[in-house]
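2 protein chains.
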Amino acid sequence: MNKLVNQINDLLLQSIPSSPLETNLEESMRYSLEAGGKRIRPVLLIETLKMLSKSDNYEKGIQTALALEMVHTYSLIHDDLPAMDNDDYRRGKLTNHKVYGEWKALLAGDALLTKAFHLISTDGSIDAQTRIKLVELLSDASGHLGMIGGQTLDMESENQNISLETLQHIHKEKTGALLTFAIMAAVTIVQPSDDVSELLEDYSQHLGLIFQIKDDLLDVYGDEDKLGKPVGSDEKNHKNTYVTLLGQDKTEQKLDYHVKQAEKCLEKLREASYDTSQLEYLTQLFYQRDH
Amino acid sequence: MNKLVNQINDLLLQSIPSSPLETNLEESMRYSLEAGGKRIRPVLLIETLKMLSKSDNYEKGIQTALALEMVHTYSLIHDDLPAMDNDDYRRGKLTNHKVYGEWKALLAGDALLTKAFHLISTDGSIDAQTRIKLVELLSDASGHLGMIGGQTLDMESENQNISLETLQHIHKEKTGALLTFAIMAAVTIVQPSDDVSELLEDYSQHLGLIFQIKDDLLDVYGDEDKLGKPVGSDEKNHKNTYVTLLGQDKTEQKLDYHVKQAEKCLEKLREASYDTSQLEYLTQLFYQRDH
Numbered sequence: 540m541n542k543l544v545n546q547i548n549d550l551l552l553q554s555i556p557s558s559p560l561e562t563n564l565e566e567s568m569r570y571s572l573e574a575g576g577k578r579i580r581p582v583l584l585i586e587t588l589k590m591l592s593k594s595d596n597y598e599k600g601i602q603t604a605l606a607l608e609m610v611h612t613y614s615l616i617h618d619d620l621p622a623m624d625n626d627d628y629r630r631g632k633l634t635n636h637k638v639y640g641e642w643k644a645l646l647a648g649d650a651l652l653t654k655a656f657h658l659i660s661t662d663g664s665i666d667a668q669t670r671i672k673l674v675e676l677l678s679d680a681s682g683h684l685g686m687i688g689g690q691t692l693d694m695e696s697e698n699q700n701i702s703l704e705t706l707q708h709i710h711k712e713k714t715g716a717l718l719t720f721a722i723m724a725a726v727t728i729v730q731p732s733d734d735v736s737e738l739l740e741d742y743s744q745h746l747g748l749i750f751q752i753k754d755d756l757l758d759v760y761g762d763e764d765k766l767g768k769p770v771g772s773d774e775k776n777h778k779n780t781y782v783t784l785l786g787q788d789k790t791e792q793k794l795d796y797h798v799k800q801a802e803k804c805l806e807k808l809r810e811a812s813y814d815t816s817q818l819e820y821l822t823q824l825f826y827q828r829d830h
Numbered sequence: 540m541n542k543l544v545n546q547i548n549d550l551l552l553q554s555i556p557s558s559p560l561e562t563n564l565e566e567s568m569r570y571s572l573e574a575g576g577k578r579i580r581p582v583l584l585i586e587t588l589k590m591l592s593k594s595d596n597y598e599k600g601i602q603t604a605l606a607l608e609m610v611h612t613y614s615l616i617h618d619d620l621p622a623m624d625n626d627d628y629r630r631g632k633l634t635n636h637k638v639y640g641e642w643k644a645l646l647a648g649d650a651l652l653t654k655a656f657h658l659i660s661t662d663g664s665i666d667a668q669t670r671i672k673l674v675e676l677l678s679d680a681s682g683h684l685g686m687i688g689g690q691t692l693d694m695e696s697e698n699q700n701i702s703l704e705t706l707q708h709i710h711k712e713k714t715g716a717l718l719t720f721a722i723m724a725a726v727t728i729v730q731p732s733d734d735v736s737e738l739l740e741d742y743s744q745h746l747g748l749i750f751q752i753k754d755d756l757l758d759v760y761g762d763e764d765k766l767g768k769p770v771g772s773d774e775k776n777h778k779n780t781y782v783t784l785l786g787q788d789k790t791e792q793k794l795d796y797h798v799k800q801a802e803k804c805l806e807k808l809r810e811a812s813y814d815t816s817q818l819e820y821l822t823q824l825f826y827q828r829d830h
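Chains as they are written, first to last, in our numbering: chain W, 540 to 830; chain E, 540 to 830.
Do not rely on the hints blindly, as some may be mistaken.
It does not matter which identical chain is meant; a pair holds if it fits inside one copy or across any two.
[To be verified] Distance condition first, Cα-Cα at most 25 Å in a straight line; then the derived SDA-like pairs of lysine to any residue:
hint, residue 1, residue 2
1, Lys711, Ile555
2, Lys593, Gly640
3, Lys599, Thr661
4, Lys637, Asp624
5, Lys793, Leu560
6, Lys807, Glu573
7, Lys778, Val726
8, Lys593, Gly771
9, Lys778, Asn563
10, Lys711, Asn563
11, Lys632, Ala622
12, Lys711, Glu566
Simulated from the structure, these hints should not be mistaken for lab results.
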């Protein structure tokens with residue numbers, strides 16, 4: 540999987556060559572692409588694709604995987620802006636606007652979002668029908684009914700008491716939608732049976748919840764050095780989390796529940812003779828991660 | 540044409556229904572869509588489509604026309620933000636961030652851009668091949684090599700002496716790219732002969748320049764009441780314009796030149812038995828406008 544991550548890193552940078560306009564806009568786009576972490580979204584897409592196609596060739600998924608990481612990266616650049624979370628650092632590196640200034644960070648984010656759709660639309664390895672379905676799914680997952688909608692609800696809920704239902708809604712859209720897209724993009728490209736599609740959609744929902752619940756737990760009980768950020772920031776920022784709403788014990792029980800459900804989905808896929816080893820590994824990675 | 544503009548206005552608002560998330564994100568998206576002006580981009584697309592298809596039925600172009608106006612609108616919302624031009628008013632109405640706050644204006648812009656690609660991808664009136672070509676053209680025209688690139692170069696050129704060549708480059712990307720898209724989208728949908736495509740591409744380049752040169756002249760010699768904004772703002776903001784680089788006389792000559800060239804393109808289209816009356820009207824509108 541390390542080899543895959545390295546390849547994703549290389550291709551991300553190559554996909555934004557400097558333009559003849561000779562500004563440093565592209566440099567600022569690459570800066571944030573380079574600051575990336577574990578690339579879980581593109582890796583999830585590629586590993587699901589490899590499993591479904593029973594092949595190590597992932598050519599048909601790589602452009603969409605890069606597009607997905609660009610959408611994720613643009614959302615981080617905009618989230619970090621003074622008008623939003625006003626963060627100076629992300630993963631130990633200065634945020635885009637601290638290096639390139641606010642207006643350029645804003646435009647770099649806009650340009651990465653736009654580039655994502657360009658990448659999918661020009662992907663010659665898949666047919667037009669598949670590409671247009673991927674554009675539809677990605678714009679849905681990242682738009683006002685998906686990621687941006689969840690982000691809006693999250694911002695509006697700060698300093699307010701919300702229900703567990705609203706919290707689930709926020710996470711389903713804000714972080715879940717792109718994770719689900721990763722898996723459903725692979726489904727769109729390979730087109731397995733409806734049963735398998737439904738199992739993977741279920742799996743993606745549980746995986747999204749595992750990711751988010753773990754995030755909330757790490758913010759309270761994590762190791763600052765490993766996280767690269769101070770713990771307790773959710774409480775300080777009056778963020779609603781699973782821990783603040785349910786307490787630690789019930790949150791951990793909920794985490795275990797979703798891990799079990801995710802594993803059940805994978806078990807059924809194994810019964811349908813798919814090699815789920817990489818998705819098992821990713822599930823455990825989401826579950827056991829310490830940063 | 541008024542009927543068309545009214546229909547565009549209605550459809551723009553209908554295309555962003557409120558979401559079940561119950562925030563006012565969609566309201567803020569509609570606010571800026573509603574604050575729109577003459578809708579020249581979608582009108583240009585539709586009128587070109589009608590001319591090329593020799594029909595009054597423009598069903599195949601309307602979704603793309605709405606998408607184009609959404610991209611234009613998002614770019615205005617982001618341009619008005621304090622990090623960019625910091626404008627409180629646009630066309631006599633408070634700018635989005637003055638009404639909804641900065642972070643929501645940022646997200647409303649992001650959401651409109653995303654929605655544009657969703658609209659095209661779900662347009663059932665045209666085939667997948669055409670839709671994916673439109674996504675490619677729109678992401679190209681509005682991305683880091685198009686509108687955003689031109690906007691970046693424009694921001695970097697403030698308070699600096701630039702060449703006429705750089706100024707042309709800025710305008711070709713910043714305002715020209717979306718106008719060219721309007722016309723080339725109609726070409727993509729109808730697929731006329733290569734000769735006709737090339738004539739229309741030429742025409743779109745001249746039209747873009749007419750639009751921009753006129754803009755620069757109006758900023759110096761326009762009527763404040765009609766413009767709805769103070770004249771002389773380009774000079775005050777140390778913007779490079781055709782007037783500051785060439786002087787009034789040469790700028791007016793240049794404007795006349797591009798109007799003549801645009802008319803030549805239309806003449807050749809008439810010879811190929813197309814009814815160019817609406818495009819002639821639009822050319823004159825760009826040329827003669829007083830706001």
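Outcome of the hint check:
Taking the shortest alpha-carbon separations for Lys711 and Ile555, only the inter-copy value of 21 Å comes in at or below 25 Å, while the best intra-copy value is 30 Å. Taking CA atoms no more than 25 Å apart as the test, Lys593 paired with Gly640 passes in neither setting, with 46 Å inside one copy and 49 Å between copies. In this assembly of identical chains, Lys599 and Thr661 lie within 25 Å of each other by CA distance both inside one copy and across copies; the values are 12 Å within and 22 Å between. When the C-alpha separation of Lys637 and Asp624 is checked against a cutoff of 25 Å, the pair qualifies both within a copy, at 13 Å, and between copies, at 19 Å.
In this assembly of identical chains, Lys793 and Leu560 lie within 25 Å of each other by CA distance solely across copies; the values are 24 Å between and 52 Å within a copy. For a Cα distance limit of 25 Å, the shortest separation of Lys807 from Glu573 qualifies neither inside one copy, at 37 Å, nor across copies, at 50 Å. Within a single copy, Lys778 and Val726 get their C-alpha atoms no closer than 34 Å, and across copies no closer than 50 Å, so neither meets the 25 Å cut-off. In the homo-oligomer, the alpha carbons of Lys593 and Gly771 never lie at most 25 Å apart, since the shortest distance is 43 Å inside one protomer and 65 Å across protomers.
For the homomeric pair Lys778 and Asn563, the shortest alpha-carbon distance between copies (20 Å) is at most 25 Å, but the shortest distance inside one copy (36 Å) is not. For the identical chains of this complex, Lys711 and Asn563 are inter-copy neighbours only, at 19 Å across copies versus 35 Å inside a copy, given an alpha-carbon limit of 25 Å. In this assembly of identical chains, Lys632 and Ala622 lie within 25 Å of each other by CA distance both inside one copy and across copies; the values are 19 Å within and 22 Å between. Proximity of Lys711 to Glu566 under the C-alpha cut-off of 25 Å is restricted to the inter-copy arrangement: shortest distance 22 Å between copies versus 32 Å within a copy.
Hints 2, 6, 7 and 8, counting from the list given before, are not met by this structure.
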